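**Student:** Here is how the chains run, residue by residue.
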Amino acid sequence: MPEEISGKTVFSLYEVAQGIRATLAKAYPNSYWIKAELNKLNYYPHSGHCYPELVEKRDNKITAQMRSNLWREDYRRINAAFIQLINEPLKDGIKILLQAKIEFHPEYGLALHILDIDPGYTLGDLEREKQESIKRLKEEGLFTRNQELRMPLLPQRIAIISVESSNGFADFMKVMENATTTWGYSFFHLLFPSLLQGDKAVDSILQQLNQIKKVAKHFDVVAIIRGGGGDIGLSCYNNYKLAKQIALFPIPVITGIGHATNQTVSEMVAFENAITPTKLAEFIIQRFHNFSIPVQKAEEKIIDKSKRILEEERAKLKTAGKLLVSVFGRVVFNERAQIRQGIKILCLQTGFILKTNKEAIAGIPKQIGKGTEYLLGQQLQQLELTTRAMHRGGGVKLKDSSQGLIRLMNQLQQMAILGLKENRLALQAVEKNLENLRPEAVLKRGYSITRVDGKAITNSAEVNPGDLICTTLHQGEVISIVNPSS
Amino acid sequence: MKEQISYTEAFEELQTIVSEIEEGEISVDELSEKVKRASALIKICKNKLSSTEEDVSKILKELEKGTDKP
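Top to bottom, those sequences are chains A and B. Residue 204 in my numbering is what sits at position 204 of the first sequence, and the numbering runs on without skipping anything. Residue 53 in my numbering is what sits at position 53 of the second sequence, and the numbering runs on without skipping anything.
Note that these hints are calculated values from the structure, not bench results. Please read these numbers as outputs of a predicted model, since none were measured by experiment. One or more hints might be untrue.
Covered stretches of chain A (in silico footprint by chain B; criterion: 3 or more residues with CB under 8 angstroms from a CB of chain B, positions within the stretch not fixed) [to be verified]:
1) 137-148
2) 187-195
3) 258-270
4) 288-300
One-sided and incomplete, this derived list gives chain A residues near chain B with beta-carbon spacing under 7 angstroms [what the hints assert, rightly or not]:
5) T182
6) G184
7) V215
8) E313
For every residue, glycine included, the Cβ atom is placed at its ideal position computed from N, Cα and C.
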């Protein structure tokens, strides 16, 4: 009850609070459906109660703000409904449709007492946000940007955004390490730890992506790996900012977030998305296989094909060799026969020529000797004459000598002709003598020739008594028998 | 003979040689040269498969430098 103090009616604070409570309860007797943004959930794990901070924004400015209470049992029920329907827990930053009573508590003031939250409304809102992210990225031409990058043939150097203690990371590493021991593939990885789900994941992942960007030249690929957390709390991957950063990242970003429900925007824009971290590791290993197998095959193919080429060439060579031997053998045979024939002819001709020339040559020295002797004699004579003329003439001119010489020559010529004439006369005499000696001439002079058996007899001893002899006279013959008694 | 050829180039060149040899475009005269080249390329590829040359401490140092900037 109010009191009178110094002529004033004074209420206690409690009385005011009670008054407000009563008034509000009267004015707002029912519960109401209210739409608001869940700015902060303010969940207290110890008590299990939440004190959500609700706001309404217009153009990113807060136009209304109110505290609320969500008691433990209500929270559990509502949270379960959210997870079941949209795979998201109640969390900061979502839009909710809540059923609440307006309550005023003297000690804590005004607050909305949340009785229920409709997960269907939030689902629609999240889906709308997702669709908006997709639409915006597509409009800005960023949606396929990361997929247009060229991944190195061997994604060996991997920047991993994950949590070291998570199952997803362990699964991923297990496959990679197995590939190293089984096939000898070599990897390098560096872990960039980050939150991977819930509303804080966006900023955490963005921060690590910025870190990796600074050292991007050391990496071939960024792998965002999450696993073991079920399908809950993945709406952060629909965040426009995160998806844009992934799309614009300078090197390929691959995701293995591990869930069975709809793909998130981040996964859509990633270079490659695998359902699980294990599958993501297998994707990388497959790249290695795609490189390694052709290299192995190349080795085999080249060896095999080279052998075949060499064999073919060898066979060709062998055939060609055989052909060559056969063709050239015949040619050589023919040529050899011709050459032999040629040699024979050459020998004969050479022999003949040699013989002829030998005779001719043999005569030459004699001729040369004679000629030389004669020429020498003449020269000597002339020399002598000349010398004599020169001596004799003394101062007589050369003309005189030459005239003398001509005269001398004429004399010589005349002497020679004279000599020849004398010789001819002598010869004629000899010829006459010879004529006289001819048998006919002798027989004419009365001589005769006696022959026995056609043979001329010069000695009587050559004739025996009784021989038939034939006596040839100048004209006719007489046949007689040698007296057998004499 | 250390060639500054990337493993990607080596891989592509190797594929070219393989297809050439498969399609019979390589004569016996070129064969020895091509086989020599191919084996060098195969070596480059195999080395790459089994080795990486990154240094964690170097990357971390670069990261620190980057973070110090305002």
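**Student:** Return the status of the interface hint for A:V215: holds when the least beta-carbon distance to chain B is below 7 angstroms, violated otherwise.
**Tutor:** Result: holds, 5 angstroms to nearest chain B Cβ.
**Student:** Restraint: A:E313 near chain B, CB-CB cut 7 angstroms. Satisfied or not?
**Tutor:** Holds - the Cβ of A:E313 comes within 7 angstroms of chain B, reaching about 5 angstroms at its closest.
**Student:** Hint A:G184 vs chain B: min CB-CB distance below 7 angstroms?
**Tutor:** Check passed: Cβ of A:G184 comes within 5 angstroms of chain B, closer than 7 angstroms.
**Student:** Report holds or violated for chain B covering the segment 288-300 of chain A, Cβ cut-off 8 angstroms, minimum 3 residues.
**Tutor:** holds (count 8)
**Student:** Would you say the segment 137-148 of chain A counts as covered by chain B, given the rule of at least 3 residues with C-beta under 8 angstroms?
**Tutor:** violated (count 0)
**Student:** How does the segment 187-195 of chain A fare against chain B when you require at least three residues with a CB closer than 8 angstroms, holds or violated?
**Tutor:** holds (count 3)
**Student:** Answer holds if the nearest beta-carbon of chain B is closer than 7 angstroms to that of A:T182; otherwise answer violated.
**Tutor:** With Cβ-Cβ at 12 angstroms, over 7 angstroms, it is violated.
**Student:** Counting residues of the segment 258-270 of chain A with a beta carbon closer than 8 angstroms to any beta carbon of chain B, are there 3 or more?
**Tutor:** Coverage by chain B is violated for the segment 258-270 of chain A (0 residues, Cβ < 8 angstroms).
Hint compliance for this structure: hints 1, 3 and 5 are broken, all remaining hints hold.
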